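Student: Here is what each chain is made of, one letter per residue.
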Amino acid sequence: MHKLLIKGGRVIDPQAGKMFAADILIVEGEIAAVGPGLEPGEGAVMDVAGKLVAPGLIDMHVHFREPGFEAKETIASGSRAAARGGFTAVACMPNTDPVADNRAVISYIKARAKEAGLVKVYPIGALTRGSRGEELTEMADLKEAGAVALSDDGRSVASAAVMRRAMQYARMVGLPVISHCEEPTLSAGGVMHEGYISTVLGLPGIPAAAEEIMVARDIILSEYTGCPLHIAHVSTAGSVRLIREAKARGVPVTAEVTPHHFTLTDRAVADYDTSTKVNPPLRTEEDVAALKEALADGTIDVIATDHAPHTLEEKDVEYQQAPFGLVGLETALGLVWTELVIPGVLSPVEAIRKLTVNPARILGLQEGVLKVGGDADITIIDPELTEVVDPATFASKGRNTPFAGRRLQGLPVATIVKGQVVYNRNLAMIS
Amino acid sequence: MNWKRKDLLGLQNLSAEEIKLILDTAVPMKEILGRAIKKVPALRGRTVVTLFYEPSTRTRTSFELAAKYLSADSVNISTATSSVVKGETLKDTARTLAAMGADVVILRHPMAGAPNLLARTIRAAVINAGDGAHEHPTQALLDMFTVREKKGELAGLNVAIIGDVLHSRVARSNIWGFTKMGARVRICGPATMIPPEIEATGVQVCTRIEEALDGADVVMMLRIQLERQQQGLFPSIREYARLFGLNRERLALARPGALVMHPGPMNRGVEISPEVADGINSVINEQVTNGVAVRMALLYLLGGGGIPDA
Chain A
1 MHKLLIKGGR VIDPQAGKMF AADILIVEGE IAAVGPGLEP GEGAVMDVAG KLVAPGLIDM
61 HVHFREPGFE AKETIASGSR AAARGGFTAV ACMPNTDPVA DNRAVISYIK ARAKEAGLVK
121 VYPIGALTRG SRGEELTEMA DLKEAGAVAL SDDGRSVASA AVMRRAMQYA RMVGLPVISH
181 CEEPTLSAGG VMHEGYISTV LGLPGIPAAA EEIMVARDII LSEYTGCPLH IAHVSTAGSV
241 RLIREAKARG VPVTAEVTPH HFTLTDRAVA DYDTSTKVNP PLRTEEDVAA LKEALADGTI
301 DVIATDHAPH TLEEKDVEYQ QAPFGLVGLE TALGLVWTEL VIPGVLSPVE AIRKLTVNPA
361 RILGLQEGVL KVGGDADITI IDPELTEVVD PATFASKGRN TPFAGRRLQG LPVATIVKGQ
421 VVYNRNLAMI S
Chain B
1 MNWKRKDLLG LQNLSAEEIK LILDTAVPMK EILGRAIKKV PALRGRTVVT LFYEPSTRTR
61 TSFELAAKYL SADSVNISTA TSSVVKGETL KDTARTLAAM GADVVILRHP MAGAPNLLAR
121 TIRAAVINAG DGAHEHPTQA LLDMFTVREK KGELAGLNVA IIGDVLHSRV ARSNIWGFTK
181 MGARVRICGP ATMIPPEIEA TGVQVCTRIE EALDGADVVM MLRIQLERQQ QGLFPSIREY
241 ARLFGLNRER LALARPGALV MHPGPMNRGV EISPEVADGI NSVINEQVTN GVAVRMALLY
301 LLGGGGIPDA
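Top to bottom, those sequences are chains A and B. Be aware that the first sequence starts at 1, since it is given in our numbering, and climbs by one per residue. Be aware that the second sequence starts at 1, since it is given in our numbering, and climbs by one per residue.
I should point out that these hints are in silico values taken from the structure, not numbers from a laboratory. Among the hints, erroneous ones may be present.
Derived, one-sided and incomplete: chain B residues facing chain A with beta-carbon distance under 8 angstroms [as the list claims (entries may be wrong)]:
no.	residue
1	12
2	111
3	112
4	114
5	133
6	134
7	195
8	197
9	201
10	252
All values derive from a computational prediction rather than experimental measurement. Cβ coordinates follow ideal geometry from the N, Cα and C atoms, glycine included.
The shape of chain A in the complex, shown without the other chains (with noise of 0.2 angstroms):
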């Protein structure tokens, strides 16, 4: 019987809100006990003193890039970057070629996770058939597939008529529809966030009404459909406020933030470092205190990376040349500790809930939490622990990061996937 004694750690359960000292028994991948004191029987044991046991981590927006673009990543790549980031578990994006907008490529996407064999890979579908935004996918076929969410993320459904037809379509499904939000005729041609260093830098904008207007017709959508709607990555004050005003009202709307738009402003474009290109764009000062303050009230519910890798090559261009997206998955939990825990926006516990409870209730996974008898996915932090960021030593094929060179703090330093340590960074195993 394969047995494993995590000992000697705080338990941080984000659903009770609670850090307490305990022990955690695993039992044939499932947690058999939590508890102070306990014994491993003839079962290994891992001496986490001075750590920090969370549920394992989920980062629900990644993209994976397989099939069809497996030299920027493949699911066994990203996986690997996900164990060493702390994730047990991650959402991948459905912009693959060909695009996730059927059930063969959410079964291939399966199966060449299950091949991988590190972390838990929950595909999200395509809205609209290519993401085309005309046609509707056959959801239900999707979702019978293993399809945990349904998106055209890369790009918004630019036509409110399919997304309200969309969102119906959903809700009869019972999937949440994600939405990236981007008014196509504003956007066209921005590269960055419209303001004053786009003026200096003589680079094309993107002005924060093309994602506002976009929030702000889908909650209404919402709103109207019923539909559940995430807005992915949320990066301007004026989103949260729209944000905000919904969940007042009542609408079935939740949110998203990513590490490098609540780190991150326009400012760190500056040189035309292609490591900043992302979109949404990194966005100004009052912007990242808005989306702080909105991740402090609960306004926005998870943390989610977009981790967007590219080859080298695609990214040593031309700054206007070069495709959005930044690597985030290695570097997101620090991010979150050094920014949000240590300054004191978020506790610990909240911090865990927007990546575990919070992302899990929005697919709806049985995953986020730590209780007996479910599957044991465990992340140990090391709050005390820091590393200077070094793309050189990434799982994940893209080294395309803002971060190199950053000190990070609070950092994982296990990853347990039902009961199977996936990232072991340095923790003594006593069998």
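Here the structure of chain A is known, so what remains is to put chain B in place on it, guided by the hints.
Tutor: Quick look at chain B alone, frame taken from chain A:
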């Protein structure tokens, strides 16, 4: 002071002292241009490459002549006839040029920041000859040189820049350059062509051309690209000319002896009326001459002219 920079990417990061050094260096260069034999050996043995990803006659020729007058070997590469059409990246092209021994690479590129990328890649000096809507530092330097020549001093002057500021690298470089040298800069143009938060660069934004011209010592007109009308940035050429065109009556609002400038090529009758373009206030042709002098100064400073090899 001595020149310490490897590259000239823009005027935003230059100090007033550095700008003054370039302008001062251009004075003896202009004297060379007045000679019967316009050639000095300052850059003999140096290689200057002009790498142009956008069509340009005046800037490229100006740089090429500047290099030749200083006895440098110069080569022109335009993308229509280079490996760029075969898909070679900017960085690879630059590495090739560097490997062939180029000392100075002059880059014109449709994308903002391309010279910054180049400067990070190669050891040769890089001069930005215009990148997207970012900067066109040599144009601004020749503008400042021309104004200083005519007015003696840049500090305290009122400079009006009128037209499509949103897409204008010339405007951006001039804003940095003139404000650093102590001039007051006003900009004016259709609201759709005023970049967001431009006031934070220290300029005053005027919505009416009369307001911009009032008491101006220098009136700098920008070229309007007619395809911007198709993009919906202004309703018609007619309305643009009516609201923002410079004519004799409007010029009368400026100070007596105000200089009229244009980076060229002009749309006569649109942004500037023919009688103003060719009138006594116009220094448009002198701008062209001074462009060669200023570029000689830059090649001299960046190309290590007269300075023994380290």
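Student: Of the numbered hints stated earlier in the document, which are not met by this structure?
Tutor: 10
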